Amino acid sequence: EAGVTQSPTHLIKTRGQQATLRCSPISGHTSVYWYQQALGLGLQFLLWYDEGEERNRGNFPPRFSGRQFPNYSSELNVNALELEDSALYLCASSHRDRFNSPLHFGNGTRLTVT
Amino acid sequence: GDSVTQMEGPVTLSEEAFLTINCTYTATGYPSLFWYVQYPGEGLQLLLKATKADDKGSNKGFEATYRKETTSFHLEKGSVQVSDSAVYFCALIHAGKSTFGDGTTLTVKP
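In order, the protein sequence lines correspond to chains G and L. Here the first sequence stands for residues 773 to 886, where the numbers follow my numbering. Here the second sequence stands for residues 2 to 111, where the numbers follow my numbering.
Treat each hint with caution, since some may be false.
In the SDA-like style, the derived pairs of lysine to any residue whose C-alpha atoms are separated by at most 25 Å in a straight line are [what the hints assert, rightly or not]: (1) L/K98 to G/G830; (2) L/K98 to G/S873; (3) L/K98 to G/S799; (4) L/K57 to L/G97; (5) G/K785 to G/P842; (6) L/K98 to G/P833; (7) L/K61 to G/N879; (8) L/K98 to G/K785; (9) L/K98 to G/D857; (10) L/K98 to G/A774; (11) L/K61 to G/N849.
Partial pick of chain G residues on the chain L-facing surface, computed with a CB cut under 7 Å [claimed, not checked]: (12) G814; (13) F841; (14) G878; (15) N879; (16) G880.
It should be emphasised that the hints constitute simulated quantities derived from the structure, not laboratory data. A quick note: this is a predicted structure, and the numbers were derived from the prediction, not measured. From the three backbone atoms N, C-alpha and C, an ideal C-beta is built for every residue, glycine too.
Construct the entire structure; sequences and hints are all you get.
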């Protein structure tokens, strides 16, 4: 079974630009979660998508947005990049219809804003 | 809302020492509890899980018991190895919503 895949692995942008990060969940998983992990810090919850809809959102400004496609893959967009957006962005997927099922993580996209 | 509190790190141990990383939680309803491990440069890997009270999750010599009376899910290992050096995250999931602890960095020295 292929795991959660994220692309690109690394992304370098300058302040004010936009970044697009992509995630493909494990086959059969309908829920996708996005997290931000700044260097040396824990996971900060960004977004949760299920069946194409946004189910929950963390405490981030509106310039962080995303969507989930009919094939359950997902995209995270960060507009008007700021230096503090530099972080590892992790995507995870799970079975929505299995009660309290675990999250399976990808290896992340390292975003560097200069 | 739900919350997870982990023992602050970093934790440094000698090889073959006993490991405990404390984790307590607050939650409504009946969450499932998890421990994840993150090696440098990688995403989080599921280490073990427990879905109801008194369940014991175990994997690779690590164990944790879901204690509803003390709202705890402490991670233990009887004899750590250098290869166990990583960041460990305690987490709860309930009805699709996830809550992670801040992570505990473990360094095992030979």
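Verification of the supplied hints:
Under the criterion of a C-alpha separation no larger than 25 Å, the hint pairing L/K98 with G/G830 is consistent with the structure, at around 11 Å. Of the pairs offered as hints, the one joining L/K98 and G/S873 holds, with about 10 Å between alpha carbons and a cut-off of 25 Å not exceeded. For the suggested pair L/K98 and G/S799, the alpha carbons sit about 20 Å apart, so the restraint of at most 25 Å is met. For the hint pairing L/K57 with L/G97, the CA-to-CA distance comes to about 22 Å; that is within 25 Å, so the pair holds.
At most 25 Å may separate the alpha-carbon atoms for a hinted pair to count; G/K785 and G/P842 exceed this at roughly 29 Å. Of the supplied pair hints, the one linking L/K98 and G/P833 holds, its CA atoms being roughly 20 Å apart against a limit of 25 Å. Distance hint between L/K61 and G/N879 is fulfilled; the C-alpha atoms sit about 21 Å from each other, no more than 25 Å. Of the supplied pair hints, the one linking L/K98 and G/K785 is violated, its CA atoms being roughly 31 Å apart against a limit of 25 Å.
For the suggested pair L/K98 and G/D857, the alpha carbons sit about 24 Å apart, so the restraint of at most 25 Å is met. Annotation: proposed proximity of L/K98 to G/A774 holds, straight-line Cα distance about 24 Å (limit 25 Å). As the CA atoms of L/K61 and G/N849 are separated by approximately 37 Å, the hinted pair breaks the 25 Å bound. Interface restraint check for G/G814: the shortest CB-CB distance to chain L comes to about 4 Å, inside 7 Å, so the restraint holds.
The restraint placing G/F841 at the interface with chain L is violated, with a minimum CB-CB distance near 19 Å, outside the 7 Å limit. Taking 7 Å as the C-beta cut-off, the interface hint given for G/G878 holds, the closest approach to chain L being about 5 Å. With a cut of 7 Å, the hint placing G/N879 at the interface with chain L holds, because the nearest CB-to-CB distance is about 4 Å. Annotation: interface hint on G/G880 holds; nearest CB of chain L at approximately 5 Å, less than 7 Å.
In summary, the numbered hints that this structure violates are 5, 8, 11, 13.
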